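Just so you know, the sequences run in chain order A, B and C. Using the numbering used here, you'd call the opening residue of the first sequence number 101 and step up by one each time. Using the numbering used here, you'd call the opening residue of the second sequence number 2 and step up by one each time. Using the numbering used here, you'd call the opening residue of the third sequence number 43 and step up by one each time.
No lab work stands behind these hints, which were simulated from the structure alone. These numbers come from a predicted model, not from an experiment. We put the beta carbon where it would ideally sit given N, CA and C, even for glycine. Mixed in with the good hints, there may be bad ones.
In the DSSO-like style, the derived pairs of lysine-lysine whose C-alpha atoms are separated by at most 30 Å in a straight line are [as the list claims (entries may be wrong)]:
#1 B:Lys208 with B:Lys254
#2 B:Lys141 with B:Lys115
#3 A:Lys337 with B:Lys141
#4 B:Lys207 with A:Lys207
#5 B:Lys183 with A:Lys357
Sample of chain A residues with no beta-carbon within 12 Å of chain B, all distances over it, derived [unchecked claim]:
#6 Met101
#7 Glu103
#8 Lys150
#9 Glu151
#10 Gly178
#11 Lys208
#12 Phe212
#13 Thr219
#14 Tyr225
#15 Gly230
#16 Ala232
#17 Gln292
#18 Glu300
#19 Asn305
#20 Ala314
#21 Ser347
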Amino acid sequence: MPEIVVCFKHVIDETELKIDRANNKINFEGAKTKISDDDKNAIEEAVRIKEKNGGSITAVCVGGPDAKKSVKEALAMGCDRARLVSDPVFQDEDGIATAYVLSQAIKKISKFEIVITSTGTTDSYSGIVGPALAEFLDIPQLTFASKVILNGNKITVDRLLEVGVETVETELPALVTVSREINQPRFPTLLQIMGAGKKELVEWNATTLGVDMAMVGKSGSKVEVTALNVPKSSRKKLIFEGNPGESAAKLADALVKEGVVK
Amino acid sequence: MPNILIFSDVAESCLELVTLGQKLGGKISAAVLGAGDLSLTSQKLSVEGVSNIYEISHESLQNLLAGPATDALDYISKKVQSDLILICSTKKGKELAGRLAARLKAGCIADAMKLSAQDNGCTADRLVWGGNAIATVASKGTTVVTIPLRAYERASNPASPQIIKVSDFSPRPNKVGVIGKKEKPKGQVSIKDAEIIVSAGRGFKKKEDLSMLDDLAKVINGVVGASRPLTSDLGWVSEDRQVGLSGTTVKPKLYIAVGISGQIQHLTGMRESKVIVAINMDKNAPIFQECDYGIVGDLYAVVPELTKDFKAQLGR
Amino acid sequence: MDFELSDEQKLILGVVDEACQKIRPIEDRCYIDRRFNDQVLPIFKDAHLLGLPISRDYGEGQGADALTYALVLERVGREGTGIRTFFSGHVSLGQSTLQKWGTKEQKERYLTQTTRGDMVMAFGLTEPTAGSDPASMKTNFEDRADGYYLNGQKAWISNGSIADLIVVFGYPKGRSDGMCAFLVDTSSEGFSAEPIKNKLGLPTSDTALLYLSDCKVPKENMLGPPSKGLSVAYTALMSGRLSVAAGSVGVLQDCVDEAVRYARERVQHKKKIGKHQLVQREISKISLDLESSRLMTYKAASLKTKSDSSPENYELRSEADWWIAQAKYFAANASFRAADRAVQIFGANGFSLENRPARHLADTRACRIYEGTDQILEQKIAIRLLGQEFEAFS
């Protein structure tokens with residue numbers, strides 16, 4: 101009956117961004133928000149572990165008040181309760197600071213045996229928070245999980261690495277970061293969505309958590325973003341249209357002449 | 002002159018960090034971690050540019066698990082007083098970086114491009130928003146940075162750096178055990194090293210139609226790759242041929258994208274190819290913004306013609 | 043009047059949106075190949091969206107109110123009228139009718155599976171010679187000791203050749219009164235169906251001819267009381283019509299999205315065509331049609347929600363019925379106009395089925411015909427104002 105904590109991020113949907121190449125501008129206006137894709141896999145895995153082994157799930161999210169929609173979605177997917185850590189002071193902090201804030205929230209939850217995160221979020225894909233969080237909680241990290249099995253106090257994880265699968269094992273408490281391949285996140289039903297409203301959603305801020313202010317926020321972060329630019333394309337963009345035979349001939353000609361095809 | 006500590010779980014890739022370290026004008030120490038006799042690895046790293054090599058041999062480091070590896074790099078970092086810790090961005094490298102940065106209360110930058118060192122920190126560029134944008138970041142103080150593979154040439158001039166075999170390493174108790182390993186069956190060819198890749202996308206209607214790409218690839222000595230929908234979703238092509246954010250990142254001399262729209266997840270995996278060719282029916286497909294040559298047309302008509310033309314031109 | 047969507051409605055629309063994103067490339071391919079899209083069922087089944095307005099007492103019924111369900115159909119309609127028509131047949135005309143008129147035993151026997159998508163439903167009223175005049179249908183049944191035996195043909199039945207269970211209507215043999223409704227299991231002997239070919243539009247949707255040749259229906263499968271068939275049919279049409287209205291709003295939304303996108307990119311006479319005033323006029327007309335259709339549909343859906351909670355209230359049901367007729371008439375015609383305008387904005391590119399406006403144009407033509415032709419609805423709308431005694435056909 102493990103006590104599970106799953107951490108997720110409420111992000112702007114990167115597929116909705118309007119990229120203006122000509123003016124080097126990225127337009128965030130009107131872009132929808134979502135739970136970061138792989139974080140949904142993390143939530144799904146938490147729910148599956150609970151379905152197999154019992155226990156309960158606390159969903160934790162560090163975000164602004166607009167993150168409530170995603171928190172409800174996590175509850176609808178099967179988490180039992182949620183903690184939304186929201187404080188303007190946490191804005192613009194780096195991954196290490198976020199991991200620290202999460203560790204303080206989880207320490208406040210106090211009963212935790214399995215902490216689950218994704219390997220990276222769709223906005224910055226740094227992959228820093230999970231491992232840093234494990235360090236702050238002083239628990240082992242089992243990363244890139246494609247399979248998680250619980251046997252009493254023992255957790256076994258298949259890690260999807262470049263060369264193949266490495267199976268690791270440890271005693272709880274432990275932190276697991278999941279690979280996208282681990283599962284297909286479920287679609288919550290309308291009934292589950294309606295039921296989410298009845299589950300416990302508590303908001304915490306910097307004061308409630310008693311964080312060390314030197315470790316959080318923009319001032320407590322070592323890394324900051326100083327500029328955001330559109331990648332420039334220096335490609336030739338020589339496009340052939342019209343008769344396929346003619347286009348193909350022109351292309352083959354060009355590539356052979358350039359020496360790219362020999 | 003920054004003190005730079007370099008490490009990779011794959012020794013050959015570590016040589017790329019040497020080149021970068023030299024570019025940054027730093028004093029480079031390399032970490033060699035593992036169990037048993039590490040002299041073979043140290044030898045691989047005995048190249049010009051490396052000032053010294055710290056060897057830590059300990060049974061807990063046999064599989065380079067993040068916990069013990071963090072302890073080891075923590076130890077060496079303090080000895081060397083590193084300003085910058087460069088780690089190759091393999092999966093093991095990435096998971097180690099976050100933990101190490103938290104341990105050292107240092108900054109952490111993942112998948113850094115155009116890294117440059119300053120007086121008390123560094124700056125770098127990295128792809129964000131799914132590859133749609135480039136963020137420039139600045140870090141204060143000691144920073145752990147992961148570097149994408151194959152971004153730099155491997156340093157190769159043999160030299161004799163000082164090799165320090167650490168004897169007083171005592172890691173924290175490690176409770177993680179490796180109980181099994183299963184290697185991926187090796188495909189016939191590794192697309193990441195291919196010089197010419199001909200890649201299939203959703204423009205193809207049936208699995209059987211992919212044979213026209215086999216024909217084209219054969220004529221120009223290329224390898225067939227595919228976008229994610231054809232590998233993960235449809236299963237028409239094996240996953241080891243997947244190009245893209247969740248597959249392999251490739252840098253061939255020539256990349257021909259056939260029936261691929263050019264979604265950012267795919268572009269991220271091939272945009273550093275020397276020459277990119279796109280063949281697509283949709284004139285508005287994003288791939289045409291990222292290509293050197295493009296043909297707007299039906300791939301079913303274009304590809305066979307292209308194969309014929311190459312055959313004629315190359316006398317095959 | 044608060045037009046804001048609740049968090050819950052936003053979340054369920056998020057689920058619908060994800061399913062729609064999955065079906066889009068498949069629908070694209072099926073449309074161009076002019077073949078049935080067999081992925082609609084599995085993808086929406088996976089998302090638990092096949093029994094949304096059905097009571098939570100049965101299987102995966104979610105008990106969604108009519109307005110929430112209309113919002114879902116609006117989003118589905120954006121993907122294509124063919125996909126939305128699947129829902130109209132399976133949920134609005136099929137399951138809602140069974141839920142309203144079925145016995146406890148019939149509902150338990152079937153709704154568990156239909157809400158899960160393990161069984162597909164259809165609605166068989168129309169015949170080759172009976173469309174706007176269902177009372178003139180020829181399908182008939184014989185009441186024998188071991189069951190009812192149905193004979194006849196049905197035409198233009200959505201989901202007809204993929205359905206497992208169809209609500210079929212017929213008269214007692216030899217009579218032209220006392221119409222009854224039956225739940226026909228399509229695996230029965232004497233039942234066959236074939237898809238109708240060469241349709242102007244809706245190529246990815248199944249529309250079929252049904253053949254009943256001494257088709258045996260067990261006694262316990264009459265739906266609703268004997269002789270109440272026409273009432274069963276008319277209440278079914280309320281749900282069906284609302285689903286068309288909602289789906290049409292979705293089509294209107296897609297037309298405006300496509301038109302705006304194209305006008306922002308296409309250049310003629312050295313400027314983006316969105317700068318041409320006549321193009322601006324077309325876009326504004328689509329938007330006006332969209333927002334009016336939407337408001338009418340939401341009002342109709344809200345009235346239906348009210349009526350569903352007070353089924354004995356005849357006045358309320360009449361009012362809902364009238365509003366649904368207006369919404370369907372308006373939205374269906376508006377969507378056809380919008381598709382036509384979008385095609386025009388696309389110019390020659392609008393003439394290609396590879397672009398969305400052309401498909402909407404072909405598909406929406408059906409919406410002015412099925413679920414009550416324009417002409418039938420015009421009469422219906424006027425009669426409520428004039429009074430029953432003014433009925434043209436009495």
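Tested hints:
1. B:Lys208 with B:Lys254: 26 Å, holds
2. B:Lys141 with B:Lys115: Holds, at roughly 17 Å.
3. A:Lys337 with B:Lys141: 40 Å, violated
4. B:Lys207 with A:Lys207: 53 Å, violated
5. B:Lys183 with A:Lys357: Cα-Cα ~46 Å, so violated.
6. Met101: The claim holds: A:Met101 sits with its nearest Cβ about 21 Å from chain B, beyond 12 Å.
7. Glu103: 19 Å, holds
8. Lys150: Answer for A:Lys150: holds, closest chain B Cβ roughly 23 Å.
9. Glu151: 25 Å, holds
10. Gly178: 25 Å, holds
11. Lys208: Correct as stated: the minimum Cβ-Cβ distance to chain B is 19 Å, above 12 Å.
12. Phe212: Fine: 16 Å to the nearest Cβ keeps A:Phe212 off the interface.
13. Thr219: 8 Å, violated
14. Tyr225: 7 Å, violated
15. Gly230: 7 Å, violated
16. Ala232: 4 Å, violated
17. Gln292: At about 26 Å from chain B, A:Gln292 clears the 12 Å cut-off, so the statement holds.
18. Glu300: 30 Å, holds
19. Asn305: Correct as stated: the minimum Cβ-Cβ distance to chain B is 22 Å, above 12 Å.
20. Ala314: A:Ala314 is in fact no farther than 12 Å from some Cβ atom of chain B, at 10 Å.
21. Ser347: 4 Å, violated
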